[in-house]
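Residue numbers (the numbering used here), protein chains in the order written: chain A, 18 to 255; chain B, 7 to 256.
The hints are simulated quantities; they were obtained by calculation from the structure and are not laboratory data. Please note that the accuracy of each hint is not assured.
[Claimed, not checked] Mimicking DMTMM-like on lysine to aspartate or glutamate, the simulated pairs with C-alpha atoms at most 20 Å apart in a straight line are:
1) B:LYS78 x A:GLU150
2) B:LYS79 x A:GLU150
3) A:LYS41 x A:ASP185
4) B:LYS87 x A:GLU159
Predicted, not measured: the structure shown is a model, and the values here were computed from it.
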Amino acid sequence: MNIDYSFIVSALPKIAAFLPVTLKLTVVAFAVAFAAGLLMALAINRRIKVLSPLCRIYMSLIRGTPMLLQIYVIYNLAPYAAAAFIEKAGLDINVYDIDPVWYAYIALSLTASVSVAEAVRAGMQSVHQGQREAGLSMGMSESAVFIHILFPQVICAAMPVIGNIVVDLIKATSLAFMMSVTEITGEAKILGGDVLRYFEAYLCVFVIYIVVIAVVEKMMHLLENRMSVYRRGVHSST
Amino acid sequence: MLKVQNVKKSFGTNEVLKGVSFEVDKGDVVAVLGASGSGKTTLLRCLEFFERADSGHMELGDLSVDLHVHSKKTARQIRQKTAFVFQNYNLFENKTALENISLGLTAGHGLSKKEAEKIAAAALERVGLSDRADYYPCELSGGQQQRIGIARAVAVNPDVIFFDEPTSALDPELVGEVLDTIKALAKEGTTMVIITHEMAFARDVSTKVIYMDGGVIVEQGPPDVIFTKPREERTRKFLARFIQDFDYVI
Ligand SMILES: Nc1ncnc2c1ncn2[C@@H]1O[C@H](COP(=O)(O)OP(=O)(O)OP(=O)(O)O)[C@@H](O)[C@H]1O
Ligand SMILES: [Mg+2]
Chain A
18 MNIDYSFIVS ALPKIAAFLP VTLKLTVVAF AVAFAAGLLM ALAINRRIKV LSPLCRIYMS
78 LIRGTPMLLQ IYVIYNLAPY AAAAFIEKAG LDINVYDIDP VWYAYIALSL TASVSVAEAV
138 RAGMQSVHQG QREAGLSMGM SESAVFIHIL FPQVICAAMP VIGNIVVDLI KATSLAFMMS
198 VTEITGEAKI LGGDVLRYFE AYLCVFVIYI VVIAVVEKMM HLLENRMSVY RRGVHSST
Chain B
7 MLKVQNVKKS FGTNEVLKGV SFEVDKGDVV AVLGASGSGK TTLLRCLEFF ERADSGHMEL
67 GDLSVDLHVH SKKTARQIRQ KTAFVFQNYN LFENKTALEN ISLGLTAGHG LSKKEAEKIA
127 AAALERVGLS DRADYYPCEL SGGQQQRIGI ARAVAVNPDV IFFDEPTSAL DPELVGEVLD
187 TIKALAKEGT TMVIITHEMA FARDVSTKVI YMDGGVIVEQ GPPDVIFTKP REERTRKFLA
247 RFIQDFDYVI
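Using the sequences and the hints, build the whole thing.
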C-alpha cells in the first residue's frame, strides 16, 4: 500500500479547518441535551403528573432506536410534517430554508439528553437526602436547597458519566454529514473523494479525533477533580 | 411560646401519633423520652413539616398553623423560626463548616454574605470549632460534625431548636463533647426540645420531661418528679431500665 504523504500534509489543515464545526455541534448539542436531561430527571424524580411518564416513554424510544434512524426521521421526515403543519397554520415559512445545522443539533442531542437524564438520576440517588431536610429546616426554599446543595453534588457525582457523554457526542458529530452539515469527517470524505485518497483523508480525521478527545478528556478530568474537592477535603492531615 | 395541640399521624394503618399535646415556654429545655417506635421522631418531624400530620395545631410566637392544611409559605415561616439538629448531622457535604452555617443565614434568612459570615464565625466559636472553619464535613469527626450541626441551628437565632437523638450516631467517646455543647446552650437560656436516650443528661439539663409510649404522651413534668416519683406505672418501668446507668454516671 502506498501512502501519499504530500496529500496528508495538504489535507490535514484543510480538514482541521472544519474542527470549529465539530466543536460547535458538540457544544450546542450538549447544552441542549444537558438542559433537557436535567429537566427530565427532575420530572421523573418528582413524579410530576403526565410529564414524568412522557419522559420515560421518550427515553425508552430514543434508547431503543439507532441514531441513524433518528437522523433519518428528523432530517428526512420531520420537514414534511413541519411543512404540512406550517401550510395548515397559514404561516409564511419555508422549512427547506432552515439551516440543516439545526437538524443536526436536535438529532445529536436526542441520545445525549437521555444519557444525561440517566446520569443525573443516578447522581441524585447518591446524594444523601437528609441534606434537603437540613436546608429546609434552615428556612431555605426547595429551589434554594436544590441550587446550593443538591445540584452541585448531583453534577459532581454524574461528572464521570457526563465526561463519557461529551466524548460520545464528539464522535457522533461525524454523522452530521448525513444532514449535509460539513464537519471534519465530511470534509475528509469530500477531499478524499476528489482524488480517491480516502485512506489518507480518514487518517487525518483519525488523528484529529484522537487529539481532540484526549484534550477534552483531560479537561473533564480536571473539572471533575476541582468539583469534587469537598469529597476529598483540603486538609491532608485528615 | 410553642403550643402543640392534638397531633395525629398514621402511616397506612399504623397509628403512630394518637393526639399529642404539649407546651414549651421560652428558655425551656424539654427532654422527650420513650422506647423505640413510640413516635418521638415522627412528632418532631411533623412540627418541622417534614411529615404532614393527619391533624393537629401548632402555635409558635404569633404564628398559628394547622399541621395538616398549611401553605408552603407558612411552613417556611415556621422553619425560619425553628431549627433542627439531626441524628445523622446532615451537614451540607459540599460546604465547609463555616459555609454550612452561613448558608442558612443567606439563603434561608436573606442576610448579606458578610453579616452571615460574621454570625457563622461567632457560632463556630461557641461550639469551639473556630479552627475548623474551612474544613469540609468529610474531614471532621462525628462529634465535630454534630457540633457544626448545632452551631448551624443556633446561628439563625431560632425560637426553639428541635434535636432528634443528637448523640446516638456517635462513638461513645464523642458523646460527651456534644452533650457539653448542648448543656452550654441550656445555660444560656436556649429553648430546646430534645429527643434523647441519655437519661442522666436529660435529668441534669431539662426543665421538663415528656415520656411517650405508643403514640401518646404518658406523662410529663419536671425532671425531679418524673425521674424520682413518676405517677404512671409505664414511666416507672421504662425508667427502671436505666437506673443502673444513673448509678454509674452519678
Ligand atoms: N416514613 C415512614 N413510613 C412508614 N412508617 C414510618 C415512617 N416513619 C416512621 N414510621 C413508623 O412510625 C413509628 C414511630 O417511628 P418514630 O421514628 O417516630 O419512633 P421513635 O420514637 O423516634 O423511635 P426511635 O427511638 O427508634 O428513634 C414506627 O413504627 C415506624 O416504623
Ligand atoms: Mg427516632
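Comparing the hints with the structure gives:
1. B:LYS78 x A:GLU150: holds, 14 Å
2. B:LYS79 x A:GLU150: Holds, at about 16 Å.
3. A:LYS41 x A:ASP185: Holds, at about 15 Å.
4. B:LYS87 x A:GLU159: holds, 17 Å
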